Amino acid sequence: MTKMVIANRIRRLRFDHGEMTQQELAVKIGATRQTIIAIEAGKYAPSLELAFRIADAFGVGVNDVFQREYNGAKMPE
Amino acid sequence: MDLEEKVSWGAFVPWVLGCGYYLTALLRWDEGGSHWPLGRVLIGMLLLQVVYMIVVASVSRKEPRDERTRLIEYKGYKVAYLTVMTVFSGWLLWWYLPQNLKESPKELPALLAVWLGVEAIRMGTQLVLYRASVRA
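Going down the list, the protein sequences come from chains X and W. For the first sequence, the numbering used here assigns the number 587 to the initial residue and increments by one for each residue that follows. For the second sequence, the numbering used here assigns the number 67 to the initial residue and increments by one for each residue that follows.
Errors might be hidden in some of the hints.
Mimicking DSSO-like on lysine-lysine, the simulated pairs with C-alpha atoms at most 30 Å apart in a straight line are [stated by the list, open to error]: (1) W:K168 to W:K144; (2) W:K128 to W:K141; (3) W:K72 to X:K629; (4) W:K128 to W:K72; (5) X:K589 to W:K144; (6) W:K72 to W:K172; (7) X:K629 to W:K141; (8) X:K629 to X:K589; (9) X:K629 to X:K614; (10) W:K141 to X:K589; (11) W:K144 to X:K629; (12) X:K614 to W:K72; (13) W:K128 to X:K614; (14) W:K72 to W:K144; (15) W:K128 to X:K629; (16) X:K614 to W:K141.
Taking CB as the label site, the calculated pair distances span [what the hints assert, rightly or not]: (17) X:N649 to W:L104: 52 to 60 Å; (18) X:V591 to W:L148: 22 to 30 Å; (19) W:M67 to X:A593: 40 to 48 Å; (20) X:S633 to W:V116: 28 to 36 Å; (21) X:Q653 to W:L178: 51 to 59 Å; (22) W:R131 to X:A631: 12 to 20 Å; (23) X:H603 to W:I138: 23 to 31 Å.
If you only want the chain W side, here are some residues facing chain X, beta carbon under 10 Å, derived [unchecked claim]: (24) R127; (25) E129; (26) P130; (27) R197; (28) R201; (29) A202.
Worth flagging that the hints you see were computed from the coordinates, not collected in a lab. It should be emphasised that the depicted structure is a prediction, and the values quoted were computed from it without experimental measurement. Glycine included, each C-beta is placed from N, C-alpha and C at the ideal position.
With the hints as constraints, model all of the structure from the sequences given.
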């Protein structure tokens, strides 16, 4: 089975939202700053609930925050 | 390093130091060495932990326990459970039982009860969770 990797655009979205800090995002979604760091670095895949909370914090859909990649290539539409 | 990580280190380091000191002292007991009784070592470890926790809590930012924190906690429990049960089962099956089975020692039912009880709790919890809503 091809290995799926969850990529994310959280760092970019934080930058687009007035250079929001990791701590500010963490407080907004009720998580720790360490969790935000781990998600951004691709070291932790959040639950669906946390993923929705992150998306809500930026006012976008989950698909705009997280993308699935297979062996480094994005899933074809 | 976040608060949870600092707290874990604060619990781990005194524990390793205390156990290390006590075990080293026990190993040297035959050579005429002295050691604190286990109770004093435990109290020393607890005091060290309490002082450290107070200092860390007063200087660190309070953060919520989130799903990743809980997941790390569960994984720690899992590794501890697997290690303890593997060592305990190995000791029971390959060392204790072959040497003591013919004599039917008094502590055998208690040892088996601990073994079976732990496994029953694990399986029971898993059976309940298969039907319940689960989250980290």
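Right, here's what the structure says about each hint:
no.	hint	verdict
1	W:K168 to W:K144	violated, 35 Å
2	W:K128 to W:K141	holds, 23 Å
3	W:K72 to X:K629	holds, 20 Å
4	W:K128 to W:K72	holds, 12 Å
5	X:K589 to W:K144	holds, 25 Å
6	W:K72 to W:K172	violated, 44 Å
7	X:K629 to W:K141	holds, 15 Å
8	X:K629 to X:K589	holds, 15 Å
9	X:K629 to X:K614	holds, 21 Å
10	W:K141 to X:K589	holds, 22 Å
11	W:K144 to X:K629	holds, 20 Å
12	X:K614 to W:K72	holds, 23 Å
13	W:K128 to X:K614	holds, 15 Å
14	W:K72 to W:K144	holds, 21 Å
15	W:K128 to X:K629	holds, 23 Å
16	X:K614 to W:K141	holds, 27 Å
17	X:N649 to W:L104: 52 to 60 Å	holds, 58 Å
18	X:V591 to W:L148: 22 to 30 Å	holds, 28 Å
19	W:M67 to X:A593: 40 to 48 Å	violated, 26 Å
20	X:S633 to W:V116: 28 to 36 Å	holds, 34 Å
21	X:Q653 to W:L178: 51 to 59 Å	holds, 53 Å
22	W:R131 to X:A631: 12 to 20 Å	holds, 19 Å
23	X:H603 to W:I138: 23 to 31 Å	holds, 28 Å
24	R127	holds, 8 Å
25	E129	holds, 4 Å
26	P130	holds, 6 Å
27	R197	violated, 20 Å
28	R201	holds, 7 Å
29	A202	holds, 7 Å
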